[in-house]
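Chains as they are written, first to last, in numbering that gives the first Met the number 0: chain Y, 0 to 345; chain F, 0 to 345; chain B, 0 to 345; chain R, 0 to 345.
In case anyone wonders, no lab produced these hints; they're calculated from the structure.
Here the structure is a predicted model, which means the values were calculated and not measured.
Pairs involving identical chains hold if they fit within one copy or between any two copies, as the list cannot separate such chains.
Below are the DSS-like pairs computed for lysine-lysine, each with C-alpha atoms no more than 27 Å apart in a straight line: (1) LYS304 with LYS111; (2) LYS124 with LYS162; (3) LYS186 with LYS204; (4) LYS56 with LYS263; (5) LYS204 with LYS263; (6) LYS2 with LYS138; (7) LYS304 with LYS263.
Now for the letters of each chain:
Protein chains: 4
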Amino acid sequence: MIKAIIIGGSGYTGAELLRLLALHPDVTVVAVTSRQYSGVGVTEVYPALAGYYNGLKYLDPAEIESMECDVLFSALPHGVSQASVLPFVESGVKVVDLSADFRLHDAAVYEKWYCEHTAPGLLDKAVYGLPELHREAIKETSLVANPGCFPTGALLALSPIMKNGLCNAGMPVVIDSKSGVTGAGRKAAIETSFVTINEGFKAYKIGEHRHTPEMAQELSALAGADLNVTFTPHLLPVSRGILTTAYVWLNETVTPSALHGLYKEMYEGEPFVRVMAPGHFPDISQVRGSNYCDIGLYIDEQQQKVVVVSAIDNLVKGASGAAVQNMNLLFGLDETTSLTAAPLSI
Amino acid sequence: MIKAIIIGGSGYTGAELLRLLALHPDVTVVAVTSRQYSGVGVTEVYPALAGYYNGLKYLDPAEIESMECDVLFSALPHGVSQASVLPFVESGVKVVDLSADFRLHDAAVYEKWYCEHTAPGLLDKAVYGLPELHREAIKETSLVANPGCFPTGALLALSPIMKNGLCNAGMPVVIDSKSGVTGAGRKAAIETSFVTINEGFKAYKIGEHRHTPEMAQELSALAGADLNVTFTPHLLPVSRGILTTAYVWLNETVTPSALHGLYKEMYEGEPFVRVMAPGHFPDISQVRGSNYCDIGLYIDEQQQKVVVVSAIDNLVKGASGAAVQNMNLLFGLDETTSLTAAPLSI
Amino acid sequence: MIKAIIIGGSGYTGAELLRLLALHPDVTVVAVTSRQYSGVGVTEVYPALAGYYNGLKYLDPAEIESMECDVLFSALPHGVSQASVLPFVESGVKVVDLSADFRLHDAAVYEKWYCEHTAPGLLDKAVYGLPELHREAIKETSLVANPGCFPTGALLALSPIMKNGLCNAGMPVVIDSKSGVTGAGRKAAIETSFVTINEGFKAYKIGEHRHTPEMAQELSALAGADLNVTFTPHLLPVSRGILTTAYVWLNETVTPSALHGLYKEMYEGEPFVRVMAPGHFPDISQVRGSNYCDIGLYIDEQQQKVVVVSAIDNLVKGASGAAVQNMNLLFGLDETTSLTAAPLSI
Amino acid sequence: MIKAIIIGGSGYTGAELLRLLALHPDVTVVAVTSRQYSGVGVTEVYPALAGYYNGLKYLDPAEIESMECDVLFSALPHGVSQASVLPFVESGVKVVDLSADFRLHDAAVYEKWYCEHTAPGLLDKAVYGLPELHREAIKETSLVANPGCFPTGALLALSPIMKNGLCNAGMPVVIDSKSGVTGAGRKAAIETSFVTINEGFKAYKIGEHRHTPEMAQELSALAGADLNVTFTPHLLPVSRGILTTAYVWLNETVTPSALHGLYKEMYEGEPFVRVMAPGHFPDISQVRGSNYCDIGLYIDEQQQKVVVVSAIDNLVKGASGAAVQNMNLLFGLDETTSLTAAPLSI
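When you get a sec, could you build the whole thing from the sequences and use the hints?
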């Protein structure tokens, strides 16, 4: 059995890791840390998990220092995670970091958007954990930077176009995303209270969301060009899900069926990407609770304009499901282990 | 113009008072207090009110001490409100207290359920502000104890039965109520966060909710008997509304049409109680944003059992709308002033 | 592999059966019927199931007449189901009927509440499929009457009291239940449209809901007395979940810990009933997507009054999950097969 | 009193007209038609309106043929409306048509996107009813083409840029809009059922929504150039509200404060447009139930890129509120009459 520790595990991504790992045949969760809930039973905070983790209590971070494990999941916030995972990486533990700390290759870009980086030496070691783009590298590393939720939806939506050199870099790439509230994390705040969110909808952090450089890094690398990415996140009155509507202009005329073919080609064999039939577009509900990314395509041939819509569950493919998928790869397991349940779409 | 001050006015009931008073032709809000938002513009906290209260800033409570006004609305929490309204009452200001501090006639009962009462001398002066039961007394007093949200729905549902001496006091009176989340007040808490509430539903404070003695006081007074009231509140994943399902057994056989007649009789001429046609029951959506209480009746003649369902908007008829209605009565205005807008049912 | 056919499988319970059976290691769904969607791919109607049932199309009922199978799930409406399952039962196929057609032992009671019964000869053969009450009989039969969603929540909430002879039959048993909208079935109707339901809440079918005699049959049998059951269903603005708040009076004084002990005792070893710690009550969200029934207890010793709250997912424990559980029992499989995933509580 | 008739009045826009006109001091609704509900009381279909329209029954369209009125509101679908309003226009009745039938000046464009136009002679007479753009023309006409809900939000968001000649016509204008479900109209359909919509979100009619030419007509006219408008609507799981996120590139460098100044200038004195302070963006909840359009601006000076976010209530400013505003203008009344209630933002 693979011994797993989750640090910063009382939030939604931590709870989702516990849900997904509950029936993983090869993994046992030996510890979960939380400063806030230290000493409290996991099932007291999450009664839904009663029967799965009955004995497990949240530990103070100090309590796991000398604990042995095979894999560490960090669900700590960015800035905090880097220092916490360092000793584990150094002692040979495989690490999946769900924070932003190791996603950007360039420490200077990281420091511009986030804060000081105290473990820049690990950046070379870290692999950006989107298996659909970097599967082989993930298998070889021991530090996976789990992608951000918005980048996951945007990258899977746009990669086939970028990879095939079809993007007109002189035109904008507009990524208009809409996320459920779990994306804001678990915290007591008027801004995410039921009454504020319910029957509401808004854009936020316009022009300044930290997932922008992450998208730019990966899309530009694929396209081999500096892309002008405009990203606007919005907050949906739902718990889970991200729908991304991406607008991109092509540098040549492509027919709908040719474009569809490129998507099918890139994602053939991918267990968690479902390209929908032409004329069909996803609803976030159809991936709820699952690790799928569903994609629909619209092309205006004459204007060489493409609208791509992707749907993911931000807590699964956008966070904890991807983390388990990456862990499966790190340990040579079937990549889909414990991730095959059908979505709870209704 | 009647000069109004609202103390403790940054929560939902305060905001709702501001909404309802925005177009009141006879009232001008001269001050609103809030410790938390002292110095902040009302429209910064509530952008919806832009254009209505552009100059108004929340004041620290100390800033209104020497301010003149004709009416004071207290939206402070119980325990805090009693001391705050005292100087106003003593200086002749008319007061509508939305807290629980003056609802229970008996200080001992108050102290059992709430906390110490520091102004018990005002209890005799205070009138329980349900106009459908105590309209004339409200007109004569200068201290109105605005009813609790759950008692409002329950009392309007059951009064005709109690008043007509039909309740079988040997059987239980079961009041099963379901409230929207604004009933929990405006606060940053995981318990009332969107993700916790959304797609959820639960009972809470079973057997120990503080509105129980308030219901018992008024129902027993009407019935002329000590009633065995069982009250269970539930939390609905909606912003506004209380549906009360009340079960009561009668001490004699009453036909459906006779019972319906008693309800029509008691509420004839009441501007804010709408008794529905036989076989029809209310949905909370049909009173949203309005001061109505809609009522539907079911009777099982053979079992002498009645199920009454009432719907109110907890922020309007259950709090701020009732407060404005009471204020209108206190000043001899048309009782319905500024309360006549049709519900936003869709 | 057990070959399964689902008839009437395009509604929510059919879709939920497909979701739950998707990864069942011992079952393969060989056919699903639907008059409305005959010829249409299952994944066209339910895109969430893409990848699980790619080849499967809904068949016209006539197309399965000569098809071989080991188990038949009927998700047809009551009245229609009885005739449709008859030939299968007669030919030795094991049948789990999710309709109401075989739940009531007495054909006369069925005909009073529903319609004519055309297969009364099967009533003796049918076992009421609540494993917590009738596990051994289920294993022996070949026709399981899958319980109604409301009865499931109510019976699990009240059985320990009834079974231990504690119910005061002279007092009412009040069952106030609140269900998500999937309980109303999948149909195009203004009554269940988003705009009607959203931000709304209401009681319906007061005094006349068809699940009442089903509750009375089972509760009275357990209690060994004719109980006066009052049942009121309500419609919650959520997709899934039933919360039942049951009020019952005892015929003797029982301490909270003694009562809790009786619940623990009855449900010890039950894989899908979780009795919560004293003072804790369930939220429907904590069982979402799972086969659990979570139960919380309140007792007013002095008044000999008990309030029991139970939560289930109406589509799982209240319908399709129970059907799979029953099927597992019919075939001697581990009762929990394909039902062990943790709830999607967030 | 102005006598008003509403045709096609049983849907959401009809109900919203009734809500808004309920307290209009100068208008009395003399008739409402509905084929579906002919003979049924308005308050039976909409119990929320009990007490406002107690005597009013829906009439069959034939019943109003000889009825006198001063203003006709048509809430009929496009294609049907044109023929129905024709006799009223010809007999001198002032008409506000909420359908799309008279919005496009060019019958050929109409016929391309909709269907045959049977009253093209009225197109010259009709005025596009966005008072912020065409107030004086509205006052002079007797046929107002009430704007579409999406165009209203988009046009108010972008007009100041277009009018001031700042739009770079060589770059795209991307309009990404998100609408509540009432925008889909009142109908029985699985697509708009609660279970389908709840916790879901999707794009629809990508590249083919009929509001596109309407936006292009008005924006191009303002800009004096043919604009490349890309419009994508999405369906929000809320009842009311449209948030529009518009992306536009400028043909010169403009500072944030200069841009903000242009918006303040254009909308100064407009009773229903609220330009938010720099750095603030609207939430649809802050305009709910009201006739406001709230607007927030983001500018990336270096990239000459502007993101404008606007929020309206699709049933009020996006439909029935605008219709009442237009009617007020047609009759020389205060434009804001019966539209001044504060939003129900909570």
